[in-house]
Amino acid sequence: MKIILLKDVKNMGKKGDVLEASDGYARNYLFPRKLAQEATQENLHIVNLKKENERRIKLEETEAAQKLADLLRNKDLIIKTKVGENGRLFGAITNKDVAELINKTFNTDFDKKKVLVGTIKLVGSYDVEVKIYPEISTKLKVTVQEG
1 MKIILLKDVK NMGKKGDVLE ASDGYARNYL FPRKLAQEAT QENLHIVNLK
51 KENERRIKLE ETEAAQKLAD LLRNKDLIIK TKVGENGRLF GAITNKDVAE
101 LINKTFNTDF DKKKVLVGTI KLVGSYDVEV KIYPEISTKL KVTVQEG
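Using UniProt numbering, you'd call the opening residue of the sequence shown number 1 and step up by one each time.
Hints were generated in silico from the structure; no laboratory data involved.
Beta carbons are placed, not taken as given, at the ideal position from N, Cα and C, and that holds for glycine.
There could be a bad hint or two in this list.
[Stated by the list, open to error] As a list, the in silico SDA-like pairs of lysine to any residue whose alpha-carbon atoms are at most 25 Å apart:
#1 131 to 147
#2 141 to 110
#3 112 to 86
#4 113 to 84
#5 112 to 85
#6 96 to 62
#7 96 to 127
#8 50 to 1
#9 14 to 37
#10 58 to 133
#11 131 to 64
#12 50 to 35
#13 112 to 137
#14 113 to 123
#15 104 to 122
#16 114 to 37
#17 131 to 103
#18 75 to 135
#19 2 to 48
#20 112 to 79
#21 114 to 70
#22 14 to 134
#23 58 to 119
#24 114 to 140
#25 104 to 86
#26 80 to 1
[As the list claims (entries may be wrong)] With beta-carbon atoms standing in for the labels, derived distance ranges:
#27 11 to 129: 15 to 23 Å
#28 124 to 34: 13 to 21 Å
#29 125 to 15: 44 to 52 Å
#30 11 to 90: 23 to 31 Å
#31 49 to 76: 40 to 48 Å
#32 119 to 19: 45 to 53 Å
#33 88 to 10: 22 to 30 Å
#34 119 to 38: 53 to 61 Å
#35 73 to 145: 19 to 27 Å
#36 114 to 17: 28 to 36 Å
My request is simple: use the sequences and hints to build the entire structure.
Here you go:
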């Protein structure tokens, strides 16, 4: 029997896959647990529409992420903070501080987990990598100054 998987099933396939399964396995295990449905023409058409819609949404998200990466690429952001002797900071600059600065400067809603920077404890310039989308990242420069 041809079935369409509604969820990822171990040792069978991923959500949306159309494959062959034995009648008993499909009727007694997959269908009652809502893991699969029978592959009728109507169901196949619905699955194809969903896949096309997901592909289009992912393409739009990728384009938006690429525009943001182009906007951030090679920008120089300045953070002013209290500095003690020998250029050491009171506290430290973390990925949270850099993400807040990006959000404020470029009017975005950026997550701190996507900013890859170590803890900054000295005055100076630092290269920061920003992961915007799984395969899209960019670098920008953060300058820490006394202020």
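Going through the hints against the structure:
1. 131 to 147: With a Cα-Cα distance of about 29 Å, the restraint between residue 131 and residue 147 is violated, given a limit of 25 Å.
2. 141 to 110: Holds. Residue 141 to residue 110 sits at ~17 Å (cutoff 25 Å).
3. 112 to 86: 29 Å, violated
4. 113 to 84: Distance of about 28 Å is beyond 25 Å: violated.
5. 112 to 85: 29 Å, violated
6. 96 to 62: Satisfied, since the Cα-Cα distance of roughly 24 Å is no more than 25 Å.
7. 96 to 127: OK: residue 96 and residue 127 at ~15 Å, within 25 Å.
8. 50 to 1: 22 Å, holds
9. 14 to 37: 13 Å, holds
10. 58 to 133: The hint holds at about 10 Å.
11. 131 to 64: Measuring from Cα to Cα gives roughly 13 Å; hence the hint holds.
12. 50 to 35: Holds, at about 17 Å.
13. 112 to 137: 14 Å, holds
14. 113 to 123: 23 Å, holds
15. 104 to 122: Holds. Residue 104 to residue 122 sits at ~23 Å (cutoff 25 Å).
16. 114 to 37: Given pair residue 114, residue 37 is violated - Cα atoms ~38 Å apart, limit 25 Å.
17. 131 to 103: Status holds; Cα separation ~14 Å.
18. 75 to 135: Cα-Cα ~20 Å, so holds.
19. 2 to 48: Given that 25 Å is the threshold and the Cα spacing comes to 15 Å, the pair holds.
20. 112 to 79: 16 Å, holds
21. 114 to 70: Holds, at roughly 16 Å.
22. 14 to 134: 20 Å, holds
23. 58 to 119: Violated, because 33 Å separates the two Cα atoms, which is more than 25 Å.
24. 114 to 140: 13 Å, holds
25. 104 to 86: 29 Å, violated
26. 80 to 1: 66 Å, violated
27. 11 to 129: 15 to 23 Å: 38 Å, violated
28. 124 to 34: 13 to 21 Å: 56 Å, violated
29. 125 to 15: 44 to 52 Å: Distance hint for residue 125, residue 15 holds at roughly 46 Å.
30. 11 to 90: 23 to 31 Å: 56 Å, violated
31. 49 to 76: 40 to 48 Å: Because 46 Å falls inside the window, the suggested range holds.
32. 119 to 19: 45 to 53 Å: 49 Å, holds
33. 88 to 10: 22 to 30 Å: 53 Å, violated
34. 119 to 38: 53 to 61 Å: 56 Å, holds
35. 73 to 145: 19 to 27 Å: Taking Cβ atoms as reference, residue 73 and residue 145 lie about 22 Å apart, which means the hint holds.
36. 114 to 17: 28 to 36 Å: With a Cβ separation near 31 Å, residue 114 and residue 17 satisfy 28 to 36 Å, so the hint holds.
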